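There are 2 protein chains.
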Amino acid sequence: MRTFYSDHQSRHAPSVELQNGALVPHAESAERVDAIKRVLPRLEAAKDFGLDPILAVHDADYVDFLRRAYTDWASAGRPGDAFPYVFPIRGRRPLNLKRIDAELGRYAYDCGTLVAPGTWDAVYWSAQTALTGLEAVMTSGEATFAFCRPPGHHAGRDYMGGYSYLNAAAIAAEQALRSGAETVAVLDVDYHHGNGTQDIFYGRNDVLTISLHADPSMDYPFYWGHVDETGQDAGDGYNLNLPMARGTEWSAYKAQLAAAIERLQAFAPDVLIVPFGADTYIKDPISFFAIETADYTSMARMIADLGLPTLICMEGGYAVDDLGANVAAFLNGFSA
Amino acid sequence: MRTFYSDHQSRHAPSVELQNGALVPHAESAERVDAIKRVLPRLEAAKDFGLDPILAVHDADYVDFLRRAYTDWASAGRPGDAFPYVFPIRGRRPLNLKRIDAELGRYAYDCGTLVAPGTWDAVYWSAQTALTGLEAVMTSGEATFAFCRPPGHHAGRDYMGGYSYLNAAAIAAEQALRSGAETVAVLDVDYHHGNGTQDIFYGRNDVLTISLHADPSMDYPFYWGHVDETGQDAGDGYNLNLPMARGTEWSAYKAQLAAAIERLQAFAPDVLIVPFGADTYIKDPISFFAIETADYTSMARMIADLGLPTLICMEGGYAVDDLGANVAAFLNGFSA
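Sequences listed follow chains A and B, in order. 1 is the number of the first residue of the first sequence in the working numbering; add one for each residue after it. 337 is the number of the first residue of the second sequence in the working numbering; add one for each residue after it.
If you are wondering where the hints come from, they were derived from the structure by calculation, not from laboratory data. Please note that a few of the clues may not be correct.
Claimed, not checked - From chain A, some residues computed to sit far from chain B (all C-beta separations above 12 Å):
(1) V33
(2) R93
(3) N96
(4) G118
As the list claims (entries may be wrong) - As a list, the in silico BS3-like pairs of lysine-lysine whose alpha-carbon atoms are at most 30 Å apart:
(5) K373/B - K383/B
(6) K383/B - K590/B
(7) K254/A - K283/A
(8) K254/A - K434/B
(9) K37/A - K254/A
(10) K47/A - K37/A
(11) K619/B - K98/A
(12) K98/A - K283/A
(13) K283/A - K383/B
(14) K590/B - K98/A
(15) K373/B - K619/B
Only a predicted model underlies this, so the values are computations on that prediction, with no experimental measurement involved. For each residue, glycine too, the CB sits at the ideal point set by N, CA and C.
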């Protein structure tokens with residue numbers, strides 16, 4: 001399988017995040033990169049497709065904000081990474097405020113999504129990595145791995161959150177449509193609901209979004225990912241949420257994945273995008289499923305058996321010691 | 337002047353808050369209490385008016401949340417004070433989620449408003465202190481000081497933020513109407529815009545809300561307090577925002593206060609409520625006006641000259657060393 005990465009993505013190194021009211025080292029660490037790189041000996045460099053495919057998914061003012069957020073923070077004499085901490089409660093109008101603190105609150109929905117000096121560079125190249133992978137998929141029809149980082153699936157059209165800034169998988173999905181695909185499906189198998197992706201395509205029937213994830217009444221992102229969120233307008237029926245209880249093992253997960261596969265077969269998309277998180281892993285430090293390393297191969301095989309041109313985009317996974325093995329196990333399911 | 341306080345209010349002692357991405361000791365400290373108590377030798381204890389007047393202003397589910405938030409957080413095995421950190425970005429429906437983290441995000445709009453073990457007790461009695469003061473005003477017509485704490489003017493009908501949980505001034509305003517007043521005005525002279533009070537009465541013409549504050553395009557709470565927010569529906573024209581630039585001295589402040597006084601004279605309310613913050617003070621550590629201690633007496637005199645039955649509710653003010661003197665200077669303006 002071809003695998004893509006851009007070293008720019010390592011430049012994003014957020015320092016700390018809030019946990020129980022204390023600041024702890026950020027879980028989405030650059031060490032995750034080395035863990036995955038070790039199992040990808042033939043990593044190819046991402047190409048540059050420019051801003052256009054990004055602007056097809058994200059609002060221009062949000063992208064502009066992301067690009068300058070760290071500089072604006074630093075120019076205001078503020079130390080460390082740009083840290084959002086105040087938010088316009090539901091119902092406030094989207095004022096064009098210039099103060100960086102107000103902008104951080106406008107565009108973020110949590111305090112875990114810091115803008116560090118290298119963040120823009122990293123997220124730009126994370127999107128390019130997905131686009132480079134997509135090009136390979138569209139050309140060859142072969143399953144391809146875009147080693148995206150930081151994660152993207154929590155980022156909406158105009159918001160960041162959940163360690164996510166630009167939604168690389170959504171950007172690739174949109175680009176697939178612009179490159180000749182008539183329909184695309186996104187099958188999100190990260191531990192957390194892919195709320196950004198859901199929101200971006202919520203009103204559309206040309207992109208089917210499916211997410212298997214921890215029950216959001218117990219786990220982040222809480223406010224999205226519930227079963228009654230099925231899409232709206234033309235998109236009604238084109239969003240499928242499959243939440244599972246904490247402690248879910250592969251046997252129970254498999255049944256939900258089978259339901260997702262069935263929906264995918266009925267939809268028969270031209271291209272499949274798989275945001276893959278290894279945080280469903282039993283030893284993940286911030287998540288609570290019980291998937292074992294070998295299960296990832298079975299999981300991938302079920303998806304590979306669909307026989308669809310498939311782009312896999314890296315999302316979460318924070319058990320750094322076993323992260324490479326889990327990614328390798330998943331990718332092996334496509335080669336077997 | 338009669339002055340009221342409840343010792344329950346000292347039980348709210350939030351530990352830390354975010355500043356530049358680091359945790360620092362919380363500015364709304366219990367030391368503020370001692371600083372003010374020193375200048376109030378004849379402090380009387382607040383009476384208990386029960387929950388009814390609180391529920392006339394705040395939603396029942398929000399009050400219920402506040403009451404149990406710390407216990408829910410602690411029962412979930414979480415250390416320290418309940419600390420909000422993830423928020424439903426604009427447009428998410430108000431789900432009835434049980435997980436304390438999701439509820440904190442639902443009801444808070446920032447990360448500075450922790451729920452500590454004594455918070456409910458303190459905010460309940462802060463409201464009772466305002467109600468006790470109001471009763472004295474309604475009975476005697478004399479200006480009265482309700483030493484409320486923590487601050488309240490950033491709290492809306494169903495949200496907390498800006499160190500504020502229950503809006504004592506708004507609760508007193510509503511109670512004034514229920515006690516026979518036909519119209520009430522709120523004149524907020526804290527450094528920060530009184531966004532909660534504005535929101536609570538935004539659609540009504542029986543409560544005129546006026547706020548003099550730092551320009552929200554530069555200062556907290558950013559998303560509220562702009563000049564074009566004039567009220568809506570029946571309340572259109574009954575909200576007046578008078579933002580001022582950082583560095584504003586008494587001479588410039590006085591001109592804005594004169595405009596507020598003029599509007600108050602035209603409205604001729606039966607009762608006036610004054611949320612008073614001493615954070616307009618030149619040495620305030622988190623604010624940026626240049627009001628001097630003696631100016632507070634001039635400020636109060638302009639308000640006292642209206643000759644209205646007036647309840648003063650304590651809000652912010654974080655220069656602890658001079659806080660007592662500033663409060664005393666303000667209250668002296670009513671006695672002179």
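Exercise. Assess, step by step, whether the Cα of K619/B is no farther than 30 Å from the Cα of K98/A, and give holds or violated.
Key: At roughly 26 Å apart (the allowed maximum being 30 Å), K98/A and K619/B satisfy the hint.
Self-check item: Interface-negative label, G118/A against chain B, beta-carbon threshold 12 Å
Solution: Label holds. Min Cβ-Cβ 16 Å, cutoff 12 Å.
Practice problem: Quick one: work out the minimum CB distance from N96/A to chain B and report holds if it exceeds 12 Å, violated otherwise. | Solution: violated, 9 Å
Practice problem: With a cut-off of 30 Å on the C-alpha distance, tell me whether K383/B and K590/B pass. | Solution: violated, 36 Å
Practice problem: Compare the distance between the alpha carbons of K254/A and K434/B with 30 Å, and conclude whether the hinted pair is satisfied. | Solution: Given pair K254/A, K434/B holds - Cα atoms ~28 Å apart, limit 30 Å.
Quiz item: Minimum Cβ separation between R93/A and chain B greater than 12 Å?
Solution: The assertion about R93/A is violated, with a minimum of 8 Å to chain B.
Practice problem: Assess, step by step, whether the Cα of K283/A is no farther than 30 Å from the Cα of K383/B, and give holds or violated. | Solution: violated, 54 Å
Quiz prompt | Agreement of K37/A and K254/A with the hint, judged by alpha carbon distance not exceeding 30 Å | solution = holds, 28 Å
Self-check item: 30 Å Cα cutoff - pair K254/A, K283/A
Solution: Judged against 30 Å, a Cα distance of about 19 Å means the pair holds.
Quiz item: K98/A and K283/A: Cα distance at most 30 Å?
Solution: violated, 43 Å
Quiz item: Is K373/B close enough to K619/B, meaning Cα to Cα at most 30 Å?
Solution: With a Cα-Cα distance of about 20 Å, the restraint between K373/B and K619/B holds, given a limit of 30 Å.
Quiz item: Between K373/B and K383/B, does the CA-CA distance stay at or below 30 Å?
Solution: holds, 18 Å
The structure is inconsistent with the numbered hints 2, 3, 6, 12 and 13, although it conforms to all the rest.
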